[in-house]
Structure formats: structure tokens, C-alpha cells
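Modelling step: build the complete structure from the supplied sequences, incorporating the hints.
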Amino acid sequence: MTENEEIVIIEEDETSEMSKVRHTIHANNLAAAYNWMFLQDYVTKSKILQTSWRYEMTFDQELDTGNVSCSINLKRTDSKNRPVNSVFRISFSHYNYRLPFYTETFNKDNMLQGDELHGYITEIMPYPNMMRLLEQVIIIDVFIFVRFVNQR
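If you read the sequence shown in our numbering, its first letter stands for residue 3, the second for the next number, and so on.
Just so you know, these hints were derived from the structure itself, not from any lab.
One or more of the hints may lead you astray.
Quick list of simulated restraints, FRET-style, between CB atoms [stated by the list, open to error]:
hint	residue 1	residue 2	range
1	P130	Q52	39 to 49 Å
2	K49	Q138	23 to 33 Å
3	Y129	P102	11 to 21 Å
4	F108	E19	37 to 47 Å
5	R24	N131	17 to 27 Å
6	N152	Q115	13 to 23 Å
7	I12	T105	18 to 28 Å
Once the Cα atoms are required to be at most 27 Å apart in a straight line, the calculated BS3-like pairs of lysine-lysine come out as [unchecked claim]:
hint	residue 1	residue 2
8	K49	K22
9	K22	K82
10	K22	K110
11	K77	K49
12	K47	K110
13	K77	K47
14	K77	K22
15	K110	K49
16	K47	K22
17	K49	K82
18	K47	K82
19	K110	K77
20	K110	K82
Don't be surprised by glycine CBs; every beta carbon is placed ideally from N, CA and C.
Spelled out as C-alpha cells, the structure:
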């Protein structure tokens, strides 16, 4: 982690069919993000099918427009040969107002070992609005859902 972020909450939940993890990240001064990357590894705690994952988020500010974009990569890193369906949901909210100002969901079915889910957000928030948040904390909520595929 860099000085720009801090994970403040990690929540995990397991059911017989699904694993869910939520990471809440405080991003300081996202309006001035120049190629800022966040990386996290985790292992599901499922008793049925334990899987491991790495996700990366890279935030970059366009020099021409000032807009901050976000590229996302979720990679399955375990060696098990059973498919799972995955969902990666990300939302952004202001620290004081917790109502999300942007949410996006990406999904991929039948992910096997080494498979990756990619997503790209062109503009988290228009630059003039983002500048009002300069030097302020943005809350980034990342939800990852892993659903087990029934093989019959």
C-alpha cells in the first residue's frame, strides 16, 4: 500500500454456494491520482471450494482533461480446476456523504485457474466535480462475489 490509501474494513461472508468479500479503501486526494495502483490478494474461506485471487486497480489522470480513470484486473490464482462465476463491483463515495456517486459492476462466468476479469472506467467523475474533492478522502468499496458452478 502507498500513503494514498488505507484499507479500513474487510468483511467476508460465505454461503454454501458463494463467497463474498468487501474491501473499503480510503483514498486520499484521488483527484490528483497519477498512475496510482492498489493491489490486494485474498483467499476465500469456503469449505466447499477454496479459491485464491489477486485484484489490481490502477487510477490514472488524463493530462488533457483531468479526468481520473480506473482499470481493474481480477485474476484467479489458485490451481483448482473447477469453474466459478465472479462479480467485481466497485463504488465511489465521498467520505462525509457515503452516498455513492459512481458504481460499476463487471462479471465473468466459468473462470478457471489463471483466468482474468478486466474492467475499465473511463471517468469516475467529471474533472470539475473531482477538483472540488481535492485533498479530500474518497471511499472506494470493492465487492467481489465468487459463485460456485454446479458440475453435473
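Would the hint linking K22 and K110 be met if the CA-CA limit is 27 Å?
Holds. K22 to K110 sits at ~15 Å (cutoff 27 Å).
Starting from K47, check that the Cα of K110 is at most 27 Å away, please.
holds, 21 Å
Please verify whether K77 and K47 have alpha carbons no more than 27 Å apart.
Roughly 17 Å separates the two Cα atoms, so the pair holds.
Range agreement (Cβ of E19 with Cβ of F108, hint 37 to 47 Å):
violated, 20 Å
Is 39 to 49 Å respected by the C-beta to C-beta distance linking P130 and Q52?
holds, 46 Å
Next pair to validate is K49 with K82; report whether the Cα-Cα distance is within 27 Å.
Cα-Cα ~14 Å, so holds.
Straight-line alpha-carbon gap K110 to K82, limit 27 Å:
holds, 17 Å
Can you confirm whether the C-alpha distance between K77 and K49 stays at or below 27 Å?
holds, 21 Å
CB-CB spacing for P102 and Y129 relative to the 11 to 21 Å hint:
holds, 19 Å
Quick one: are R24 and N131 within 17 to 27 Å, going by C-beta?
Check passed, 25 Å falls within 17 to 27 Å.
Mind checking the hinted window 13 to 23 Å against the Cβ distance between N152 and Q115?
With a Cβ separation near 19 Å, N152 and Q115 satisfy 13 to 23 Å, so the hint holds.
Range hint compliance [Cβ, K49 to Q138, 23 to 33 Å]
violated, 42 Å
Comparing the model with each earlier hint shows violations of hints 2 and 4; every other hint is respected.
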